[in-house]
Amino acid sequence: MERQVLLSEPEEAAALYRGLSRHPSLSAACLGPEVTTQYGGQYRTVHTEWTQRDLERMENIRFCRQYLVFHDGDSVVFAGPAGNSVETLGELLSRESPSGTMKAVLRKARGTGPGEEKQFLEVWEKNRKLKSFNLSALEKHGPVYEDDCFGCLSWSHSETHLLYVAEKKRPKAESFFQTKALDVSASDDEIARLKKPDQAIKGDQFVFYEDWGENMVSKSIPVLCVLDVESGNISVLEGVPDNVSPGQAFWAPGDAGVVFVGWWHEPFRLGIRFCTNRRSALYYVDLIGGKCELLSDDSLAVSSPRLSPDQCRIVYLQYPSLIPHHQCSQLCLYDWYTKVTSVVVDVVPRQLGENFSGIYCSLLPLGCWSADSQRVVFDSAQRSRQDLFAVDTQVGTVTSLTAGGAGGSWKLLTIDQDLMVAQFSTPSLPPTLKVGFLPSAGKEQSVLWVSLEEAEPIPDIHWGIQVLQPPPEQENVQHVGLDFEAILLQPSNPPDKTQVPMVVIPHGGPHSSFVTAWMLFPAMLCKMGFAVLLVNYRGSTGFGQDSILSLPGNVGHQDVKDVQFAVEHVLQEEHFDASRVALMGGSHGGFISCHLIGQYPETYRACVARNPVINIASMLGSTDIPDWCVVEAGFPFSSDCLPDLSVWAEMLDKSPIKYIPQVKTPLLLMLGQEDRRVPFKQGMEYYRALKTRNVPVRKPLNFQNLPEHLDLLLQVDDEEEESQGQVEGRLGPSTVVLDHTGGFEGLLLVDDDLLGVIGHSNFGTIRSTTCVYKGKWVYEVLISSQGLMQIGWCTISCRFNQEEGVGDTHNSYAYDGNRVRKWNVTTTNYGKAWAAGDIVSCLIDLDDGTLSFCLNGVSLGTAFENLSRGLGMAYFPAISLSFKESVAFNFGSRPLRYHFGKMAVGCSEALGETGMRGSLPQGCGGLVARPGCCSVSGRQLSLQQPGWLGVLVSINR
Numbered sequence: 008m009e010r011q012v013l014l015s016e017p018e019e020a021a022a023l024y025r026g027l028s029r030h031p032s033l034s035a036a037c038l039g040p041e042v043t044t045q046y047g048g049q050y051r052t053v054h055t056e057w058t059q060r061d062l063e064r065m066e067n068i069r070f071c072r073q074y075l076v077f078h079d080g081d082s083v084v085f086a087g088p089a090g091n092s093v094e095t096l097g098e099l100l101s102r103e104s105p106s107g108t109m110k111a112v113l114r115k116a117r118g119t120g121p122g123e124e125k126q127f128l129e130v131w132e133k134n135r136k137l138k139s140f141n142l143s144a145l146e147k148h149g150p151v152y153e154d155d156c157f158g159c160l161s162w163s164h165s166e167t168h169l170l171y172v173a174e175k176k177r178p179k180a181e182s183f184f185q186t187k188a189l190d191v192s193a194s195d196d197e198i199a200r201l202k203k204p205d206q207a208i209k210g211d212q213f214v215f216y217e218d219w220g221e222n223m224v225s226k227s228i229p230v231l232c233v234l235d236v237e238s239g240n241i242s243v244l245e246g247v248p249d250n251v252s253p254g255q256a257f258w259a260p261g262d263a264g265v266v267f268v269g270w271w272h273e274p275f276r277l278g279i280r281f282c283t284n285r286r287s288a289l290y291y292v293d294l295i296g297g298k299c300e301l302l303s304d305d306s307l308a309v310s311s312p313r314l315s316p317d318q319c320r321i322v323y324l325q326y327p328s329l330i331p332h333h334q335c336s337q338l339c340l341y342d343w344y345t346k347v348t349s350v351v352v353d354v355v356p357r358q359l360g361e362n363f364s365g366i367y368c369s370l371l372p373l374g375c376w377s378a379d380s381q382r383v384v385f386d387s388a389q390r391s392r393q394d395l396f397a398v399d400t401q402v403g404t405v406t407s408l409t410a411g412g413a414g415g416s417w418k419l420l421t422i423d424q425d426l427m428v429a430q431f432s433t434p435s436l437p438p439t440l441k442v443g444f445l446p447s448a449g450k451e452q453s454v455l456w457v458s459l460e461e462a463e464p465i466p467d468i469h470w471g472i473q474v475l476q477p478p479p480e481q482e483n484v485q486h487v488g489l490d491f492e493a494i495l496l497q498p499s500n501p502p503d504k505t506q507v508p509m510v511v512i513p514h515g516g517p518h519s520s521f522v523t524a525w526m527l528f529p530a531m532l533c534k535m536g537f538a539v540l541l542v543n544y545r546g547s548t549g550f551g552q553d554s555i556l557s558l559p560g561n562v563g564h565q566d567v568k569d570v571q572f573a574v575e576h577v578l579q580e581e582h583f584d585a586s587r588v589a590l591m592g593g594s595h596g597g598f599i600s601c602h603l604i605g606q607y608p609e610t611y612r613a614c615v616a617r618n619p620v621i622n623i624a625s626m627l628g629s630t631d632i633p634d635w636c637v638v639e640a641g642f643p644f645s646s647d648c649l650p651d652l653s654v655w656a657e658m659l660d661k662s663p664i665k666y667i668p669q670v671k672t673p674l675l676l677m678l679g680q681e682d683r684r685v686p687f688k689q690g691m692e693y694y695r696a697l698k699t700r701n702v703p704v705r706k707p708l709n710f711q712n713l714p715e716h717l718d719l720l721l722q723v724d725d726e727e728e729e730s731q732g733q734v735e736g737r738l739g740p741s742t743v744v745l746d747h748t749g750g751f752e753g754l755l756l757v758d759d760d761l762l763g764v765i766g767h768s769n770f771g772t773i774r775s776t777t778c779v780y781k782g783k784w785v786y787e788v789l790i791s792s793q794g795l796m797q798i799g800w801c802t803i804s805c806r807f808n809q810e811e812g813v814g815d816t817h818n819s820y821a822y823d824g825n826r827v828r829k830w831n832v833t834t835t836n837y838g839k840a841w842a843a844g845d846i847v848s849c850l851i852d853l854d855d856g857t858l859s860f861c862l863n864g865v866s867l868g869t870a871f872e873n874l875s876r877g878l879g880m881a882y883f884p885a886i887s888l889s890f891k892e893s894v895a896f897n898f899g900s901r902p903l904r905y906h907f908g909k910m911a912v913g914c915s916e917a918l919g920e921t922g923m924r925g926s927l928p929q930g931c932g933g934l935v936a937r938p939g940c941c942s943v944s945g946r947q948l949s950l951q952q953p954g955w956l957g958v959l960v961s962i963n964r
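Per this note's numbering, the sequence shown starts with residue 8, numbered consecutively.
In case anyone wonders, no lab produced these hints; they're calculated from the structure.
Ideal Cβ positions, reconstructed from N, Cα and C, are used throughout, including at glycine.
Keep in mind that the hints are not guaranteed to be accurate.
[Said to hold, decoys possible] Calculated pairs, DSBU-like style, for lysine-lysine (alpha carbon to alpha carbon, straight line, at most 35 Å):
1. 209 with 125
2. 147 with 179
3. 781 with 839
4. 147 with 133
5. 138 with 125
6. 133 with 179
7. 175 with 688
8. 115 with 175
9. 450 with 504
10. 209 with 136
11. 133 with 115
12. 698 with 781
[As the list claims (entries may be wrong)] Have a look at the derived ranges for each label pair, beta carbon to beta carbon:
13. 379 with 61: 41 to 49 Å
14. 17 with 641: 42 to 50 Å
15. 478 with 379: 45 to 53 Å
16. 167 with 84: 53 to 61 Å
Could you put the whole structure together from the sequences, leaning on the hints where they help?
Shown next, in the form of structure tokens:
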């Protein structure tokens, strides 16, 4: 019997993903001070930070691990771990002092109020916390920036002060109609004195503050702040020009001032994440005189200035073009004492042979200088690999430290006293941690790498790089002769290669690239039995500046043709199953994917698009990067001009929506409602256009777009709703379970069947995967422990924390049998005390707007009336429970314990009838029933059809 090529069972795929997701990735590393043992040996401590997916908690966790590296000055003698890993909770930033004797840590902690967070700046010394400053309580500024764009945490050379970036303190604001209690005992002078500090501005509570776009929504006006470690005094530095926002700051030589990057924010802010082209310059603020000095050309863009160990020179990246969002950069050197700036490494227009193809990193490592302050080490994409390089700043020569070695990609984490810490991985090898000494000048290629943390290769994954030359008819007339590449992963030994399906993934950007590093999703798809093709089309980084500049004005054509050419070439060379080719892409990768299913509908059998760009013209007014829409369409961007009709037409002509009539490939759209870069309405525009043409398209409901979805459902009649596959009155999966992927707060232990839950934190909350918006519904809860719990219903808008749970917010309602109360913001006595083994029935009537509970089949009476109903309102079963309290839910996947015929007459208040008899069918599918499955006639519940669907048991008329 022929072996099955493709792993297709969802449970097996989930188990595979769970296993592969356990491989962590390195995020940072730093080196401790040199230590000499009593026997004369030398060693250094390597402190590393890692990230890993925690599927049980549904979050990315961070942890640290330390290693010891014994050396003889220019080579590693012995290296190994020092203890196990420890999770770093609440740590936002950390930085060792120059001597290594102290460490500064920025930490967040939960406040006392709902959703409140505090920030603390801690100073650690040896085995103790030396200082801790509550930055939130001091109220000198807003939240500290922890991102890698503006954020920094820098020790002064004297180790007496800390420099960081925070949001400027905003004035308090309140409504004109907000009143406060008057202290009649205070004198007029006391009242006047109390009014002055932080007096709220009337009517400004809804004033708009611009932000810096995607992933930076809470950041608007950064300021430079200095903390005196001894006294605890915080100063907000003055002298920064009003037209720029400061970040990436560090102490100048002698601690006499601060060097920083300033980004222009006039006339308005644009999205800055992944956009190295934002106009910016290098500045110096003198702390004594308060004078601000410009250190670089202010008409370009700069990034990541780094001071040399001898404090004489600053090296930084400079981007000569403000057009593409990412591009080849210059490496510039500023001499602190001569005030002379020089270009050490220039932009590379085109790679010649195996030569260096340019610098494409967006940030230099914090530690990048050699010990003699002559060379700079960094990593950069080189075609489809990422290598390490050393640059001699005196003569400008660039030497690869990793070329010619094992195929794969490298990332430099830090270098100090010539000891380098780096990460190495391949598409079949998860990240490994390595150390090695930088050889002397001229011998850079002889690095001897030693592994500190090895990873096991993933078996049965074969990969390689395909070099592709577009056909003559697809040449770019302005940039002739450009080639491109694709990384191909495939199962090592399939029984029949012609039965292997292929997934094609174009990257986003468009000016980014895939490199031969570890990538979770391609590895998983390959292990499932797919071949995976990752295409670096012309316009990708790592291939020279000409390749990047060839794409603006040609999107929707050149990038799409390149991907299609790569697909056809690989299918011809590798003989994969041409009848089973799928697409997967996000952002600009989704843009290309949607183009492909429109321009080449016969090639692709399925497509997955995550927040794709669908209509460049309509995205212009809603994205945080409107310049992208103009530039990639082939026009110059100016903040003060509006596109004319020809520009709008060209944007539309280059958009996937143009090819809607040809699309017939089934499509899965994955949309995030909070995406600032590619607004989710781009995907909705495509969804509606496809639906009108009966193209199979699925838009997963992640409940972020629930109000809009409900509005649509409530505007159609029952027949239309049923014909679209919806079950009347409910929304969600066909089998209802607890939402352990996103519908929870706090730490909870959920059973394998996703129906039982145990509290594992102060007051955790979890809801079900399905909500209801009309009709009558019931579910049951088995009480396994009789402690503090609040059981009931909530809407998607409810926000909980470990002090406030179900019933403590508006539009959430709960019964608490421990304290014998009902909760909806306020609380009153209700019901009876429950005990372990009791069953609580939770009933909601969205026709009458009432909610009630039953205990062991006996009605406790109507608990709440006048529930909010109508557009945008839907209710989820939900529970909040204390530590070690446990329950089990029954949403209808098995017969309910208490049938309505056994209930007291009081239950009729919830059901809208004077009494009911009958029972639910065996094996009913859960929380929802198809309209007409059961009907109420007088007092008799009669079953008309045996086929129950969904997730909560419906009590429909």
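To see whether the hints hold, each was checked on the structure:
no.	hint	result
1	209 with 125	26 Å, holds
2	147 with 179	13 Å, holds
3	781 with 839	28 Å, holds
4	147 with 133	29 Å, holds
5	138 with 125	16 Å, holds
6	133 with 179	41 Å, violated
7	175 with 688	32 Å, holds
8	115 with 175	18 Å, holds
9	450 with 504	45 Å, violated
10	209 with 136	42 Å, violated
11	133 with 115	22 Å, holds
12	698 with 781	25 Å, holds
13	379 with 61: 41 to 49 Å	43 Å, holds
14	17 with 641: 42 to 50 Å	44 Å, holds
15	478 with 379: 45 to 53 Å	50 Å, holds
16	167 with 84: 53 to 61 Å	36 Å, violated
The structure shown violates the earlier hints numbered 6, 9, 10, 16.
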